[in-house]
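Novice: Below, each chain spelled out in residue letters.
There are 2 protein chains.
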Amino acid sequence: MNKRLVLRERPQGLPNPSTWQLVEEAIPSIDDGEILIKTHYVSLDPAMRGWMNDTKSYIPPVGLGEVMRAGTIGEIIETKHPEFKVGDVLSGWGGVQQYIKTDGQGHFKVDTSLVPMTKYLGTLGMPGMTAYFGILEVGKIKEGDVVLVSGAAGAVGSVVGQIAKINGCHVVGIAGGKEKCNYVVDALGFDACIDYKSENVYQGIKAHCPKGIDVYFDNVGGEILDMALSRLRMHARIVICGAISQYNSSEIYGPKNYLSLLVNRATMQGMVVLDYAKKYREAGMQMGMWMMEGKLKTEEDVYEGIENFYDTFLRLFSGEKRGKLLLKVIEP
Amino acid sequence: MNKRLVLRERPQGLPNPSTWQLVEEAIPSIDDGEILIKTHYVSLDPAMRGWMNDTKSYIPPVGLGEVMRAGTIGEIIETKHPEFKVGDVLSGWGGVQQYIKTDGQGHFKVDTSLVPMTKYLGTLGMPGMTAYFGILEVGKIKEGDVVLVSGAAGAVGSVVGQIAKINGCHVVGIAGGKEKCNYVVDALGFDACIDYKSENVYQGIKAHCPKGIDVYFDNVGGEILDMALSRLRMHARIVICGAISQYNSSEIYGPKNYLSLLVNRATMQGMVVLDYAKKYREAGMQMGMWMMEGKLKTEEDVYEGIENFYDTFLRLFSGEKRGKLLLKVIEP
Numbered sequence: 000m001n002k003r004l005v006l007r008e009r010p011q012g013l014p015n016p017s018t019w020q021l022v023e024e025a026i027p028s029i030d031d032g033e034i035l036i037k038t039h040y041v042s043l044d045p046a047m048r049g050w051m052n053d054t055k056s057y058i059p060p061v062g063l064g065e066v067m068r069a070g071t072i073g074e075i076i077e078t079k080h081p082e083f084k085v086g087d088v089l090s091g092w093g094g095v096q097q098y099i100k101t102d103g104q105g106h107f108k109v110d111t112s113l114v115p116m117t118k119y120l121g122t123l124g125m126p127g128m129t130a131y132f133g134i135l136e137v138g139k140i141k142e143g144d145v146v147l148v149s150g151a152a153g154a155v156g157s158v159v160g161q162i163a164k165i166n167g168c169h170v171v172g173i174a175g176g177k178e179k180c181n182y183v184v185d186a187l188g189f190d191a192c193i194d195y196k197s198e199n200v201y202q203g204i205k206a207h208c209p210k211g212i213d214v215y216f217d218n219v220g221g222e223i224l225d226m227a228l229s230r231l232r233m234h235a236r237i238v239i240c241g242a243i244s245q246y247n248s249s250e251i252y253g254p255k256n257y258l259s260l261l262v263n264r265a266t267m268q269g270m271v272v273l274d275y276a277k278k279y280r281e282a283g284m285q286m287g288m289w290m291m292e293g294k295l296k297t298e299e300d301v302y303e304g305i306e307n308f309y310d311t312f313l314r315l316f317s318g319e320k321r322g323k324l325l326l327k328v329i330e331p
Numbered sequence: 000m001n002k003r004l005v006l007r008e009r010p011q012g013l014p015n016p017s018t019w020q021l022v023e024e025a026i027p028s029i030d031d032g033e034i035l036i037k038t039h040y041v042s043l044d045p046a047m048r049g050w051m052n053d054t055k056s057y058i059p060p061v062g063l064g065e066v067m068r069a070g071t072i073g074e075i076i077e078t079k080h081p082e083f084k085v086g087d088v089l090s091g092w093g094g095v096q097q098y099i100k101t102d103g104q105g106h107f108k109v110d111t112s113l114v115p116m117t118k119y120l121g122t123l124g125m126p127g128m129t130a131y132f133g134i135l136e137v138g139k140i141k142e143g144d145v146v147l148v149s150g151a152a153g154a155v156g157s158v159v160g161q162i163a164k165i166n167g168c169h170v171v172g173i174a175g176g177k178e179k180c181n182y183v184v185d186a187l188g189f190d191a192c193i194d195y196k197s198e199n200v201y202q203g204i205k206a207h208c209p210k211g212i213d214v215y216f217d218n219v220g221g222e223i224l225d226m227a228l229s230r231l232r233m234h235a236r237i238v239i240c241g242a243i244s245q246y247n248s249s250e251i252y253g254p255k256n257y258l259s260l261l262v263n264r265a266t267m268q269g270m271v272v273l274d275y276a277k278k279y280r281e282a283g284m285q286m287g288m289w290m291m292e293g294k295l296k297t298e299e300d301v302y303e304g305i306e307n308f309y310d311t312f313l314r315l316f317s318g319e320k321r322g323k324l325l326l327k328v329i330e331p
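Those sequence lines, one after another, are chains A and B. In terms of numbering that gives the first Met the number 0, the first sequence has 223 at position 224, counting the first letter as 1, and numbering is strictly consecutive. In terms of numbering that gives the first Met the number 0, the second sequence has 126 at position 127, counting the first letter as 1, and numbering is strictly consecutive.
Watch out, some of these pointers could steer you wrong.
Identical chains blur together in the list; that is why a pair holds if it fits in one copy or across any two.
[Unchecked claim] The calculated EDC-like cross-link candidates involving lysine to aspartate or glutamate, where the alpha carbons are at most 16 angstroms apart (straight line), are:
1. Lys164 with Asp310
2. Lys164 with Glu292
3. Lys37 with Glu24
4. Lys37 with Glu198
5. Lys100 with Glu74
6. Lys327 with Glu303
7. Lys296 with Asp310
8. Lys255 with Glu222
9. Lys177 with Glu82
10. Lys100 with Glu281
11. Lys84 with Asp31
12. Lys100 with Glu23
Hints were generated in silico from the structure; no laboratory data involved.
Between the sequences and the hints, there should be enough to build the whole structure, so can you do that?
Specialist: This is the structure in structure tokens:
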């Protein structure tokens, strides 16, 4: 049987147990030109919360009754498509389900001989690409820049900070909890990390970026964005990548200090990783190289069982995870 | 005697009659290397409100007991400086006073044979330069862009919209009152103008920019910025030039729709005209040409008497003025 998680109702605020429904269907049979993928891992990302709202955004919302959209990686177990063979490993937009019937659109082959499967949903997948293009092309970092990163222990933030370090920046993270902060500094090599759960973030920014911030990479929004705005240097860049503190709010917190953009001739720019698709391969090669050289460390936090999707998803917002959050949905 | 307006106390919110004090002093005598300017006109600009707050900004605040900072234009009546002669007309930062003793720093000679003096505080002065560099270099307009301008009847906005029209854009203004809106459309040639005092601005934007906005030039901030954010096109640019609706507020309204920057891969960038000083001459020549060709119309709203500074200043915030607000301080 194929267990699939469908969107039952649109949540107000944080999703609840009745937001999704797990259904069981027969494993689909495929037609000519199609393949059947057995899903190994499903990617859990903050952006998924946005896809559940019935509002205009950069992609259409997930429809009610549809399988929940998600990045996946899995193995072809049946093929009627000339370009794919059984055993090929494909990363793509398979959704939260154990078997994916597709014509291959939105999926691409990956090489798991050097890199484990899970990396293709993390550093070599959307979060890594987001970090790479966000900090380099939107943040436009240069040597000596002071870079502040929120969500520093997360799938995107952890890579952003390391790429900034590789490029000679002074990098300060913001993360929740002492353990995460230690990880960010000791394992990932950030210069400092501010624990928003136990420290005054504004004072932390002041202490660790005494001359101000050249680039703020924002994954969280809310008051932390305001604190970063209040400490900008001239010509600073703010990369708006996400706003996890706001995704479950009915009213978005608008940054009251936005006029700091004027005072400091600074720029706040939004980004969506999909725009850089043509350059994913180039970025993947570069990041793979850094990984092999030991300059780019990445971690996945893997939970098991499609039945546990809801509990695992909530970890995105409670902060109880480190690095890339994945759900293993293949059954033994 | 020299009548000078000094800052007596820092206002909370809107300035009141005791914010400034008019003092009379002897006309200063000058030393070697100095000149004495008789002020003809003082420029009244929204930015002046910001200079009165004791906060870090792009220039230091006006000190208590100091002459209120303002742009001025006047004529040299005495000189002990080799580069200046009696009768030269100088534009500069003379402050709200009738006589200016200076070594010439911050003042520059202007040619009033072709253009009346008042234009050098308007279109050929700071407001015009702000408009020129803001819409061209920060807004990066190109032919066919949909451009929305708030404060459209003001000294900056009126020039912004006309430059955008000259560059082949579709230009929609926002202004207060039917008379101003008619002026913006009929005299200045904007394609449309939304009256925020009597119309629903959001519906107006929707109606006049049905495909969304490529460039929003913001002079006002507040909810209108939020409405513009909600109607951005892909890769839109927002120029943060000012926020007149917020200058007298104790708490700034933060734009709740800022995540539209993400969805639309859009940019919000602040600007300060002082950064473009090296290119003022080039811009002035271009705008002078447009004025002579009849493509760029500008208007000054001139009040008289340094005693009337306070009442005149308030017109900036009540909206009871059109085009560049000036105070004639020379006495017959």
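Novice: For each hint, tell me whether it holds in the structure or not.
Specialist: Consistency of the hints with the structure:
1. Lys164 with Asp310: neither (34 angstroms within a copy, 55 angstroms between copies)
2. Lys164 with Glu292: Within. Shortest intra-copy distance 14 angstroms satisfies the 16 angstroms Cα cut-off; inter-copy 54 angstroms does not.
3. Lys37 with Glu24: within (14 angstroms within a copy, 88 angstroms between copies)
4. Lys37 with Glu198: neither (45 angstroms within a copy, 57 angstroms between copies)
5. Lys100 with Glu74: This pair counts as within: shortest intra-copy Cα distance 12 angstroms, inter-copy 82 angstroms.
6. Lys327 with Glu303: Classified as within; 5 angstroms inside a copy, 77 angstroms across copies.
7. Lys296 with Asp310: neither (27 angstroms within a copy, 63 angstroms between copies)
8. Lys255 with Glu222: For Lys255 and Glu222, the Cα distance is within 16 angstroms both inside one copy (9 angstroms) and across copies (12 angstroms).
9. Lys177 with Glu82: Neither: 49 angstroms inside a copy, 65 angstroms across copies.
10. Lys100 with Glu281: Result: close neither inside a copy nor across copies, 29 angstroms intra and 63 angstroms inter.
11. Lys84 with Asp31: within (13 angstroms within a copy, 90 angstroms between copies)
12. Lys100 with Glu23: within (15 angstroms within a copy, 87 angstroms between copies)
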